[in-house]
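Participant: Sequence:
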Amino acid sequence: MAKCHRNDIGSIALDRPSTATSSTGNNFRLWTAFTGATFRRKIFDAVSCGASSRHRHQLMQEMLNDTGSQSQPPPPTTTMKSVLKEFNDPKKADKVVKKPNSNGKSEKLADLLNLVETETAAETKRKVEALEELKRVVKELQVEDKERNVQAACRVRSLTKEDSEARMTLAMLGTIPPLVAMLDFQDSDSQIAALYALLNLGIGNDANKAAIVKAGAVHKMLKLLESPNEPNQAVSDAVVANFLGLSALDSNKPIIGSSGAIPFLVKSLKILDTNSRSQARHDALRALYNLSISPSNISFISEADLIPFLLNALGDMEVSERILSILSNVVSTPEGRKGISIAPEAFPILVDVLNWTDSPGCQEKASYILMVMAHKAYGDRQAMIEAGIVSSLLELTLLGSTLAQKRASRILEVLRVDKGKRVSENFGGNMNAAVSAPICGSSSSSSTNLNGKECLVEEAGMMSEEKKAVKQLVQQSLQNNMRRIVNRANLPQDFVPSEHFKSLTASTTSKSLPF
Numbered sequence: 001m002a003k004c005h006r007n008d009i010g011s012i013a014l015d016r017p018s019t020a021t022s023s024t025g026n027n028f029r030l031w032t033a034f035t036g037a038t039f040r041r042k043i044f045d046a047v048s049c050g051a052s053s054r055h056r057h058q059l060m061q062e063m064l065n066d067t068g069s070q071s072q073p074p075p076p077t078t079t080m081k082s083v084l085k086e087f088n089d090p091k092k093a094d095k096v097v098k099k100p101n102s103n104g105k106s107e108k109l110a111d112l113l114n115l116v117e118t119e120t121a122a123e124t125k126r127k128v129e130a131l132e133e134l135k136r137v138v139k140e141l142q143v144e145d146k147e148r149n150v151q152a153a154c155r156v157r158s159l160t161k162e163d164s165e166a167r168m169t170l171a172m173l174g175t176i177p178p179l180v181a182m183l184d185f186q187d188s189d190s191q192i193a194a195l196y197a198l199l200n201l202g203i204g205n206d207a208n209k210a211a212i213v214k215a216g217a218v219h220k221m222l223k224l225l226e227s228p229n230e231p232n233q234a235v236s237d238a239v240v241a242n243f244l245g246l247s248a249l250d251s252n253k254p255i256i257g258s259s260g261a262i263p264f265l266v267k268s269l270k271i272l273d274t275n276s277r278s279q280a281r282h283d284a285l286r287a288l289y290n291l292s293i294s295p296s297n298i299s300f301i302s303e304a305d306l307i308p309f310l311l312n313a314l315g316d317m318e319v320s321e322r323i324l325s326i327l328s329n330v331v332s333t334p335e336g337r338k339g340i341s342i343a344p345e346a347f348p349i350l351v352d353v354l355n356w357t358d359s360p361g362c363q364e365k366a367s368y369i370l371m372v373m374a375h376k377a378y379g380d381r382q383a384m385i386e387a388g389i390v391s392s393l394l395e396l397t398l399l400g401s402t403l404a405q406k407r408a409s410r411i412l413e414v415l416r417v418d419k420g421k422r423v424s425e426n427f428g429g430n431m432n433a434a435v436s437a438p439i440c441g442s443s444s445s446s447s448t449n450l451n452g453k454e455c456l457v458e459e460a461g462m463m464s465e466e467k468k469a470v471k472q473l474v475q476q477s478l479q480n481n482m483r484r485i486v487n488r489a490n491l492p493q494d495f496v497p498s499e500h501f502k503s504l505t506a507s508t509t510s511k512s513l514p515f
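The opening position of the sequence shown corresponds to residue 1 in full-length UniProt numbering, with each subsequent residue numbered one higher.
Just so you know, not all the hints are guaranteed correct.
To be verified - Listed next, the in silico BS3-like pairs over lysine-lysine satisfying Cα-Cα at most 27 Å (straight line): (1) K220 / K135; (2) K146 / K135; (3) K253 / K267; (4) K139 / K161; (5) K338 / K406; (6) K161 / K135; (7) K220 / K139; (8) K220 / K270; (9) K267 / K223; (10) K220 / K146; (11) K125 / K161; (12) K220 / K253; (13) K376 / K406; (14) K253 / K270; (15) K376 / K270.
Said to hold, decoys possible - Simulated restraints, written as ranges between beta carbons of each label pair: (16) K139 / E226: 51 to 57 Å; (17) D316 / P177: 37 to 43 Å; (18) Y378 / P254: 20 to 26 Å; (19) D316 / D184: 34 to 40 Å; (20) D316 / I293: 19 to 25 Å.
It is worth saying that the hints were derived from the structure and are not from the lab. Don't be surprised by glycine CBs; every beta carbon is placed ideally from N, CA and C.
Construct all of the structure, not just a fragment, from the sequences and the given hints.
Facilitator: Structure follows, in C-alpha cells:
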C-alpha cells in the first residue's frame, strides 16, 4: 500500500519533472493551472492504486517528453491542465471535409429553379387560356345569333359537367341570364341546350341554383310545357331534371312549389308510369320528395291528387321506398294526414306494407306513417284495426328491424289505451250500479240476494260476450295472416290449413293480445 501511495503521490506532485519542463521554469505554473475539480479527480486516481494509474503516469510522462523534444519550444501557455485534458478526452475523429463540387451543385440547383419556373409559367398560361375561353363562350351567348348561342350553350354544358371552378367562373362572368333568355326560343334544340347548360351550372353550387331561380327560370320552364301543342318529351325530361336540381336548395322549395311545378310533376309522373323511361320517373319522384320537405308545399301536393296515386303505386319495389318517403313528409301536417285518411284503401295498403319482410326500409317508413296517424285521430285507429293491423304489428315486433319494432310497439300501446277507454265507457254505468247495491244481511236480504244473482248473471253474460269477441278477433287475425302467407308463397287459392293450425287457432286465448 505504501508503494502505491508513493507512485500516485509522485504522479500528482510531479517531483520528477522532465528536463524540458524544468529548463523552462514552468514547474510552479503547472500547479497553478489545476482547478478544484481537476485536483479532486487526480486525488481519486491516486488512491485507486491500479495499473491504470501507473500506465497513465507513464503516458503523461511520454507526452511531456514528446512536447519537450519538439524542434520548436512549447508556447508559454502550455500547462498541465491542457496535457491532462488532451489525455483524458477521447480523440474525436477528424472530420472529413469534402470540398463541394460547386459546379455540379450549382448546376442542379439551377436546373431545379428553372423547372419550377417552367411549371409555374405553364400553369399560369393554362389558367389564362382557360379564362379567355370562358370569356369567349360568354360573348358567344350574348350575341344575337341563334346558332352561335346554341353552340355556346353546348360548350357551357360540356365545360361545367365535371369542373366546379368553371361553374363558379361562368356564373360570375354572367352566363345565367342569357341561358335563361334562350328558353324563350321556339325550337326545341335551343331549349334543350339551355336547359342542360343550366342544369350543369347548378350541380353542387347553391349560389348558382339561387341565381337561376332568381332569373325567372322556373316560370319559363313551366311556360315551355303549357303550349297548346304536345311538348317535346326531351324538353319535359330536361325540365324535370332541372326541378330536381333546383329543389335541392331549401330557399327554392317554396318558390318552386307555389309556381305550379307540383301539378306538372304529378302529371309527368303519371305519364311516365306507363312508359319505360325509369330515369325521368325517378327524377320526378325525387323532385316531389324534395318539395314535400317544405310544409308549405303539402297543400299543393294534396290538391294535385298525388296521395291516392302514390298509395296505388305501392307494390312496385323500384319506387315504393321513395313513395313512402314522400308520404312520411306529407303525414307531418294536418292537410297531409287528412289526404291520407280520405284516400280509398289507404290503411289496408299501408298495413300490407308492414308484412314486407324483405324490405325493412319500407316497413320502417310505413310504421312511421301509421304511428303518426294513430296518435292524431281516433277514426284512423278504428280503420287500422279493421284493416287487421294488430296481427301485422305483433309480427313486426318480433321479426322487424329495431326501429320498426319500436314504432310497432308504440302503435300497439296507443291501440291498447284506446281499447281500455272504450271498455270503461261501455261498462261505466253497470260498475257504478254494482257499487251502490245493498249489502247482504240487511232487512231486505231476500230481495238483495235476488238482485245480486241477477247482477252476477248479467255480468257473466257480458264477460262471456267479451271473451267471444276477443276469441273471434284472434281467429280472424290468424286467418288473415294465413291468407297473406299463402299469397306470398304462391300457394293454390284452395289451400286448406292443417288440423294442427286449427287446433292452435281454437286454443288461443286473449292473453296473446295487447289489450
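Participant: Each hint should be assessed against the structure and marked as holding or not.
Facilitator: Hints, one by one, checked against the model:
1. With a C-alpha separation of about 26 Å, the suggested pair K220 and K135 falls inside the 27 Å cut-off, and the hint holds.
2. Note on K146 and K135: the hinted pairing holds, with a Cα-Cα distance of about 18 Å set against a maximum of 27 Å.
3. Our distance criterion of 27 Å between C-alpha atoms is met by K253 and K267, whose separation comes to about 19 Å.
4. With a C-alpha separation of about 20 Å, the suggested pair K139 and K161 falls inside the 27 Å cut-off, and the hint holds.
5. Between K338 and K406, the direct Cα distance comes to roughly 25 Å. Compliance with the 27 Å bound is thereby established for this hinted pair.
6. The hinted pair formed by K161 and K135 meets the criterion: a straight-line CA distance of about 18 Å does not exceed 27 Å.
7. With a CA separation close to 23 Å, the supplied pair K220 and K139 stays within the 27 Å bound.
8. Among the hinted pairs, K220 with K270 is consistent with the structure: their alpha-carbon atoms are about 22 Å apart, no more than 27 Å.
9. About 15 Å separates the Cα atoms of K267 and K223, which keeps this hinted pair within 27 Å; it holds.
10. Straight-line distance between C-alpha atoms of K220 and K146 comes to about 18 Å, which keeps the hinted pair within the 27 Å bound.
11. Proximity of K125 to K161 is assessed by CA-CA distance (about 23 Å); at most 27 Å being required, the pair is judged to hold.
12. The hinted pair formed by K220 and K253 meets the criterion: a straight-line CA distance of about 17 Å does not exceed 27 Å.
13. For the hint pairing K376 with K406, the CA-to-CA distance comes to about 18 Å; that is within 27 Å, so the pair holds.
14. A distance of roughly 22 Å separates the Cα atoms of K253 and K270; the hinted pair therefore holds under the 27 Å criterion.
15. With a C-alpha separation of about 31 Å, the suggested pairing of K376 with K270 is violated against the 27 Å cut-off.
16. Distance hint check: the CB atoms of K139 and E226 are about 32 Å apart, inconsistent with the given range 51 to 57 Å.
17. A C-beta distance of roughly 41 Å is found between D316 and P177, which places it inside the suggested range of 37 to 43 Å.
18. The beta-carbon spacing between Y378 and P254, approximately 33 Å, falls outside the hinted interval of 20 to 26 Å.
19. As the Cβ distance of D316 to D184 is approximately 38 Å, the hint placing it in 34 to 40 Å holds.
20. Separated by about 23 Å at the C-beta atoms, D316 and I293 satisfy the suggested range of 19 to 25 Å.
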